[in-house]
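4 protein chains.
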Amino acid sequence: MTDDAERLSRLNVPALDGILGRPFKVLDDGFVRVIDYMGTDESIVQAARVSYGRGTKKVSEDRGLIRYLLRHRHTTPFEMCELKLHLRVPMDCWRQWIRHRTANVNEYSTRYSIAIDATQRTPAGAWRKQAPGNKQGSEGFLDARTGRALSEKENEIQDTARAVYQERLDAGVSREQARKDLPLSTYTEAYWKIDLHNLLRFLSLRMDERAQEEIRAYAGVIGQEIVRRWCPIVWEAFLDYQMENVTLSRLEIGIVGALVRGDEREAIELARGFGWLKTDDKGLKSNRERSELEEKLARLALPIPWKK
Amino acid sequence: MTDDAERLSRLNVPALDGILGRPFKVLDDGFVRVIDYMGTDESIVQAARVSYGRGTKKVSEDRGLIRYLLRHRHTTPFEMCELKLHLRVPMDCWRQWIRHRTANVNEYSTRYSIAIDATQRTPAGAWRKQAPGNKQGSEGFLDARTGRALSEKENEIQDTARAVYQERLDAGVSREQARKDLPLSTYTEAYWKIDLHNLLRFLSLRMDERAQEEIRAYAGVIGQEIVRRWCPIVWEAFLDYQMENVTLSRLEIGIVGALVRGDEREAIELARGFGWLKTDDKGLKSNRERSELEEKLARLALPIPWKK
Amino acid sequence: MTDDAERLSRLNVPALDGILGRPFKVLDDGFVRVIDYMGTDESIVQAARVSYGRGTKKVSEDRGLIRYLLRHRHTTPFEMCELKLHLRVPMDCWRQWIRHRTANVNEYSTRYSIAIDATQRTPAGAWRKQAPGNKQGSEGFLDARTGRALSEKENEIQDTARAVYQERLDAGVSREQARKDLPLSTYTEAYWKIDLHNLLRFLSLRMDERAQEEIRAYAGVIGQEIVRRWCPIVWEAFLDYQMENVTLSRLEIGIVGALVRGDEREAIELARGFGWLKTDDKGLKSNRERSELEEKLARLALPIPWKK
Amino acid sequence: MTDDAERLSRLNVPALDGILGRPFKVLDDGFVRVIDYMGTDESIVQAARVSYGRGTKKVSEDRGLIRYLLRHRHTTPFEMCELKLHLRVPMDCWRQWIRHRTANVNEYSTRYSIAIDATQRTPAGAWRKQAPGNKQGSEGFLDARTGRALSEKENEIQDTARAVYQERLDAGVSREQARKDLPLSTYTEAYWKIDLHNLLRFLSLRMDERAQEEIRAYAGVIGQEIVRRWCPIVWEAFLDYQMENVTLSRLEIGIVGALVRGDEREAIELARGFGWLKTDDKGLKSNRERSELEEKLARLALPIPWKK
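Chains as they are written, first to last, in the numbering used here: chain W, 51 to 358; chain A, 51 to 358; chain D, 51 to 358; chain B, 51 to 358.
Incorrect hints may appear among the rest.
Heads up, the list lumps identical chains together, so a pair's fine if it works in one copy or across two of them.
What the hints assert, rightly or not - List of simulated lysine to any residue pairs, SDA-like, C-alpha gap at most 20 Å:
hint	residue 1	residue 2
1	Lys-346	His-122
2	Lys-346	His-150
3	Lys-358	Gly-325
4	Lys-185	Tyr-158
5	Lys-346	Pro-282
6	Lys-332	Met-257
7	Lys-335	Ile-148
8	Lys-179	Arg-57
9	Lys-358	Ile-318
10	Lys-357	Leu-66
11	Lys-185	Ile-164
12	Lys-346	Glu-294
13	Lys-203	Val-214
14	Lys-75	Glu-157
15	Lys-357	Asp-330
16	Lys-75	Arg-57
17	Lys-75	Asn-337
18	Lys-179	Ile-303
19	Lys-203	Glu-342
20	Lys-179	Phe-191
21	Lys-75	Ala-65
22	Lys-332	Gln-274
23	Lys-335	Arg-113
24	Lys-346	Val-277
Hints were generated in silico from the structure; no laboratory data involved.
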């Protein structure tokens, strides 16, 4: 350890300091605000250099090192950064959020305090239809008239549920029991603290198009407004290597290779062998793994031989 | 490694095998059932002996070893046992449960499937009053007439919420959105897998009298019906050392020592110095740490000098 | 819950029961043996069906479901399987192993017991040369004569270290202190218990060609001899989707797309823009990200335009 | 959320800023230095108030709240503080340290870099004798002459081991393999990041008198020099409630109660029933649980009835 290592001051990020405490609005009454943070891009390099020795030191090399670490799943240096957020989020959404276990959490207690008097309300134009192909997704919106009726009904049920809650409290019922029929749309608040590695994993799952719209809205804000300011080099690498990448399985590599060589016949044979080209009287039966490959082929500018 | 180590069969527990899959009822429509388990009392000894060498081998020594490990927080051998449960529990209760992070969980998905059509209903005589002294607790019950009115209202709001949910589904709303106003009392189901060390921690917090009645009901069943059968020696040690113990802080040790010597005056002086004997015109002001000590003095058959 | 859910027996895997307790040799004196397990392929399906409802039930669908879950990072059902191993491994290797935190561990204690009298010895032909390109790797072997000299020296230093250890014990030094100069090559033993999801992550990192040879030897045995028997469908999916796949970053997708369209010029322009084609007087400078792409292009049967 | 919540600056602790980066020496060549931190006493209160509402605000109440949280195992607010240390520690000691899994770690890589050229050396007067009663402890020191001989031998073996390491490197052996016979006393370095709750758990186990002297030295410095400056209210509460407390088991409570009532006979009967008073021809046989109770009785000023 050289002498200059003996004095330190904390790393700070002016771009993040500028928004500390400022709520970013999400949904109709939710928010995300940064309470505190530890470290930044530079801390990742600093920690990696404990492992790798201290030779490389140029700024241009820092970017390369961070990108290398992320690409090769050297995850531990990313754990050296920590973020603390204050969230306001509907309980329904929080139920998904809390499944990310490697985080520290303090949630608003409705045993101790009266429940927050706010629920997520759905505007008439925002009722999403069940996706036909994806059992756990939605696709498109209901028409405005149906939507209006549903939104009115929603206002009613939410108001009634709150009135019932209040009646119970007025009658002397304990808070811990009175809350039992509050709707899942009720807002809660929490402090949520997580290291950058686990935060990126959260973002990669919750910014994904298969995630539910509500939690995607939060994840998008955390990524775009907060991580981008906090650790800009990491953010760029994360998009390049984890969000906008394509992974080909062993099976898909075979087909892609055949297509690259121009051998569509072999590509079709392979797909048939994998059971992806079964037909019924309406033609090709739907097959999820084939659909996934078709999307990838499109991104790689390759033809879909069985679609000709 | 001796030769006899080379052949093994899995440890099994006949007392637990006898109840495998059998639901133990909890609350009005909940249950807990054992799906699978790994290990038993003997596995803890087996793992500890990897650490401690293999000298001691008598059955009577096994009990002593397990009790020693538990008493001295040698927690890792207890992690060598694993339990998998199938639970049915109101979401309100599940919100507390899921905070125990060191567990594996698969929960019923109301994105993918229609929500379970059952809610926890509160009988007329079961409405608990807010505790006056403990902001997050309840104490005693409301009178029957008030209870009846509240229960009727509850039936109504739960039925209405379900009808609203069904209307949305019928209108084509996606399941992931339709569920947003279901009440917290709606039942969910989950597979929950946890090692014995973390399970004991769960039990010590959730069997505690300060835990909410609903989750205490589940914890009691898991402890009394399942762990007691599965690892009887651990269960006994757990009660002796963790559930029915008394911990005295540095401050309390001073007071207890004074009382043991018969020096009530010094005991009072010490308590006053800690700020536990403040008075107003009604006498001694309430003080949580003093109340806690008073309970402990009672268990140790010691007098409470400031109460004379 | 239907009636037939009410009776269960534990899932068992005859192929794994057949090797329970049997040590698979690794390195010169190490081993891995299965002590116990919970669940199998079927348990993953069982847990996923708590989430997804219980419609699909055919065996052929089980395989598809497991492959879907693994492909789409639905990791929680894989946590429902648990494996307990008994390991004998050099401390040097164990230092890497223990960094996988989500596991339960009981290690042989050299505070409590006399250290295991065995060290990993390197045969004359097994001394690996430092890799020139990869600072943390090895490549090829030293010649036999040098190897013999090194192995003799190794025997000496290991024997001396053990003698010093024994002298200390004989002089009455505490075991916890006497051990301090044992070589890292000393064998230790441990019980190691881990869920299948975290085990697959361990395997994907430690079966990788960049992992150190010693831990790769263990990982290979755990994968090929144990997981393959225990959960054959998972094992196949793991190879197809995680071990033998190819991931293309956003940058690489651009280049691959250009090559697929036959536009080598654009491919080169893109690579140059990413800084991958810098030259010095000896030609192209080495660039790690470009080398990685070149390997992928080869697997996809695509040309490397800058190599012509 | 009130308006004043919308602007924040990071909490900082001048007393800790004053020592940032400064190494505290431990053992002969080890150190601990603070690299960064997040939060302080105040952050615990802040997080707890998200849970408990925001009524109480006086400084005197902060102390009471922190002490209440610690006493009652409300651990989550303590997770809101995070500490990052740079350590230099012998590998032998690090092997114990790393068993604390809930922490983030980047260790110096001897695959990538040449091993640190320093080993922990034992002075002639510091060779500890094996404890007779405690198989995993030490007690007292060897005489100076024996110590000198052992220390000389240690110098030799450490120097030889280093020379062998250097020879291997010079012969072209890969670093990952050359290191295999380095002694456990070799120093390593790491960045170690942990939240305050888990740090307190580390300290309570590693400051304990049963912990090995080397790791106790580190734990003592972290506690006394760092945590005491960083979160002084927590530190005081930790000593009062976790380090200097006494826990009585159900069995011990019975005996203490009898002694308080002056009924030594019943106390003896109880102890005999627990199997703590077995005798052989030399008198009372040693019994660990009885010895533990005897220490507690002494602290509570109670007599030991079977010792009269």
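Going through the hints against the structure:
For a Cα distance limit of 20 Å, the shortest separation of Lys-346 from His-122 across copies, 15 Å, qualifies, whereas the shortest one inside one copy, 22 Å, does not. In this assembly of identical chains, the alpha carbons of Lys-346 and His-150 never lie at most 20 Å apart, being 29 Å within a copy and 33 Å across copies at closest. Proximity of Lys-358 to Gly-325 under the C-alpha cut-off of 20 Å is restricted to the intra-copy arrangement: shortest distance 19 Å within a copy versus 39 Å between copies. In this homomeric assembly, Lys-185 and Tyr-158 come within 20 Å of each other (Cα to Cα) only across copies, at 14 Å, whereas the closest approach inside a single copy is 33 Å.
For a Cα distance limit of 20 Å, the shortest separation of Lys-346 from Pro-282 qualifies neither inside one copy, at 28 Å, nor across copies, at 28 Å. Within a single copy, Lys-332 and Met-257 get their C-alpha atoms no closer than 35 Å, and across copies no closer than 45 Å, so neither meets the 20 Å cut-off. Taking the shortest Cα distances, Lys-335 and Ile-148 never come within 20 Å of each other, neither inside one copy (37 Å) nor across copies (40 Å). Taking CA atoms no more than 20 Å apart as the test, Lys-179 paired with Arg-57 passes in neither setting, with 59 Å inside one copy and 39 Å between copies.
Proximity of Lys-358 and Ile-318 under a CA criterion of 20 Å is satisfied intra-copy only: 12 Å inside one chain copy versus 31 Å between copies. When the C-alpha separation of Lys-357 and Leu-66 is checked against a cutoff of 20 Å, the pair qualifies neither within a copy, at 49 Å, nor between copies, at 44 Å. In this assembly of identical chains, the alpha carbons of Lys-185 and Ile-164 lie at most 20 Å apart only when taken from different copies (11 Å versus 36 Å within one copy). Both within a single protomer and between protomers do Lys-346 and Glu-294 lie at most 20 Å apart by alpha-carbon distance, with minima of 11 Å and 17 Å respectively.
Taking the closest pair of Cα atoms, Lys-203 and Val-214 come within 20 Å of each other both inside a single copy (16 Å) and across two copies (7 Å). For the homomeric pair Lys-75 and Glu-157, the shortest alpha-carbon distance inside one copy (19 Å) is at most 20 Å, but the shortest distance between copies (30 Å) is not. With identical chains, the CA atoms of Lys-357 and Asp-330 are at most 20 Å apart within one copy only, with a shortest distance of 16 Å there and 47 Å across copies. Taking the shortest Cα distances, Lys-75 and Arg-57 sit within 20 Å of each other only across copies (15 Å), while inside one copy they are farther apart (40 Å).
For a Cα distance limit of 20 Å, the shortest separation of Lys-75 from Asn-337 qualifies neither inside one copy, at 39 Å, nor across copies, at 41 Å. Within a single copy, Lys-179 and Ile-303 get their C-alpha atoms no closer than 35 Å, and across copies no closer than 33 Å, so neither meets the 20 Å cut-off. Proximity of Lys-203 and Glu-342 under a CA criterion of 20 Å is satisfied in neither setting, with 39 Å inside one chain copy and 50 Å between copies. Taking the closest pair of Cα atoms, Lys-179 and Phe-191 come within 20 Å of each other only inside a single copy of the chain (5 Å); across copies the shortest separation is 44 Å, beyond that limit.
In the homo-oligomer, the alpha carbons of Lys-75 and Ala-65 lie at most 20 Å apart inside one protomer (19 Å), although the nearest pairing across protomers, at 36 Å, exceeds that limit. For the homomeric pair Lys-332 and Gln-274, neither the shortest alpha-carbon distance inside one copy (44 Å) nor that between copies (43 Å) is at most 20 Å. In this homomeric assembly, Lys-335 and Arg-113 come within 20 Å of each other (Cα to Cα) only across copies, at 18 Å, whereas the closest approach inside a single copy is 47 Å. Within a single copy, Lys-346 and Val-277 get their C-alpha atoms no closer than 28 Å, and across copies no closer than 30 Å, so neither meets the 20 Å cut-off.
In summary, the structure is inconsistent with hints 2, 5, 6, 7, 8, 10, 17, 18, 19, 22 and 24 from the numbered list given earlier, while agreeing with the others.
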